[in-house]
Amino acid sequence: MSSIITAKDLTKRYGKFTAVDGISFEIQEGECFGFLGPNGAGKTSTIRMIHCVSPVTAGTLTVKGLPCSIDNRTIKKTTGVIPQEITLDIDLTVRENLMVFSRFFDIPRREAKTRVEELIKFVELEAKRDSKIDQLSTGMKRRLLIARALINQPTLIIADEPTTGLDPQARHLIWQRLRQLKSQGVTLILTTQYMEEAQQLCDRIVVMYQGKILKEGTPRTLIDEEIGKDVVEIRISQDQDEKLIGSLAGFSCGHERVGDTLFFYCRDGHDIRKKLVELDLPNTVHRPATLEDVFLKLTGRSLIE
Amino acid sequence: MNLSYRVYHVFVRNLVSYKRFVVPTFIASLVQPLFYLITFGIGMGAYVGLFGGKPYLFFLVPGVLMSAVGLTASYECLFGTFVKMIHEKLYDSLIATPVSAEDAVAGDIAWGVFRGLISGTLMMAVAMAMGVFPVSVPAVLLLFVCMIFVGVLFGSLAMIVTSLAPNFDFFNYYTELVLTPMLFFSGVFFPLDNFPAWMKTFSKFLPLTPAVSISRAVFSGVYSTALIFDFLFIVVLEVIAFTIGVKLMKRRLIK
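Going down the list, the sequences are from chains A and B.
Under my numbering, the first residue of the first sequence carries the number 1093, and numbering increases by one thereafter.
Under my numbering, the first residue of the second sequence carries the number 79, and numbering increases by one thereafter.
For reference, chain A alone in the conformation it holds in the complex (with noise of 0.2 Å):
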């Protein structure tokens, strides 16, 4: 595999604000790459960068060895973007939008109306194929952003948050679109805020946090590295805890106190379970870690050893 994106020191600044500051990562070719963080993290800034729709500050940016800039048509073509926001022509049809945005990558007509049925079909809209964008649910309005992305057939795509705001059915085929692209051989770039979507799909991901990478690796690296293999909350009331943490001192656990909530992050969990059951504690849970416990831990709280 190579690296189909380059980023050093990246930087945007917008004004005053800096919203992307100095990051540096490669994506191979092939690979899904997710940008994962907190609101106002840079990651759509940072992906705006790669498909060309906002200068760059300062550092270096390339996609297939082109620097991104705003007037870099040859990116742009080969690129398929996925919004965040819903952004479809709503003065048309489903089909229409799809047959308009195929003018705009100068695709020949015969061609256009044969992608276009294949894609309707795709994201399986093909009972909509003539409604208007406001007889969609979210979900087919996402859908039909999907099918448009692709109608350039990209080598490159770039997914901003595709599942917000949808039901599980929706975000499970949507998913699975994701992953079929991705065995095809496309590289797919994802920022989101659902960690169960970064696990699912992502082979690297990067943690961002007020405009910086906090760490990058594959979320199964980044679970056992930050966190370990298990993860204990009780609930119980703060004056407990040192009693609690005593007792359990002997396990090499990290211990963080949450709330109403008393967190031990574990390496090993086998033998502390059998210490809890000996404890008796009411409202306990135990199950194995996440990479919202890594999320958590690198942007919003501290681990306390």
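If you're looking for bench data, these hints aren't it; they were derived computationally from the structure.
Idealized CB from N, CA, C, for every residue including glycine.
Hints are not guaranteed to be accurate.
Stated by the list, open to error - Looking from chain A toward chain B, a few residues come up when the C-beta cut is under 10 Å (computed):
no. : residue
1   : Ser1146
2   : Asp1163
3   : Pro1175
4   : Ile1178
5   : Glu1188
6   : Val1192
7   : Ala1241
Take the given structure of chain A and dock chain B to it, following the hints.
Quick look at chain B alone, frame taken from chain A:
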């Protein structure tokens, strides 16, 4: 300025979406000229008598023709573009394709010109139905050329306003304080001869005044050398307005 043939693609997008609005806009484009021509032309014309040996309608039509084109192109590039930019976020998806911001804005100006031409054509048809004809067939063609220039000029001026508009209400300043008064200072309804000197000078610099002069000359076939300067004034103003309009819109679209 990163312009390309893709301006045409943007124009076609507008044409495809226009299908749904054809009937209401045609009615509006027909009723408006009828209103002007009947109220001013027939109602007021009865009092003002002959103008240069011809009924008042012959004076009125060439002026109203240009103002109809200018106003239609303006409205399209004010309200139409604003809705597409802010409410429909159409520009956001356009600039993610090989269509550049300049292409998109120029495509919308071209669309405003087209809408202006529809208004102008309907106005001309109504005038002809009322027995008011331009002097010759070539004159009709030349009037269409004038309409295109006026459309580009007013569409571009409107783009400047749109690029600065925080909301819809902002357009009221332009339509009520600039466009509407301009009609009365540009010699559309009456000759400017009786204005005091400073007002005459002022009206000379309004973009509609030279267009009305040219239109009236073409309509009647009475030309003068002053028209060359009128034409040059329009062209220069147009180039400046287009450049500024596109640049400001690009600045607003790309952050």
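How about glutamate 1188 of chain A: closest beta carbon in chain B under 10 Å, or not? holds (6 Å)
Close enough to count: is the Cβ of aspartate 1163 of chain A nearer than 10 Å to one in chain B? holds (5 Å)
A closest beta-carbon separation below 10 Å is what the hint needs, so does alanine 1241 of chain A meet it against chain B? holds (9 Å)
Was the hint right that valine 1192 of chain A lines chain B, CB cutoff 10 Å? holds (5 Å)
Does the closest beta carbon of chain B sit nearer than 10 Å to the beta carbon of isoleucine 1178 of chain A? holds (8 Å)
Can proline 1175 of chain A be said to touch chain B, with a Cβ gap under 10 Å? Hint on proline 1175 of chain A: holds, closest Cβ of chain B at ~7 Å, below 10 Å.
Serine 1146 of chain A was flagged as interface toward chain B. Is the shortest Cβ-Cβ separation under 10 Å? With a closest approach of 6 Å, the serine 1146 of chain A hint holds.
Hint check: no violations occur; every hint is consistent with the structure.
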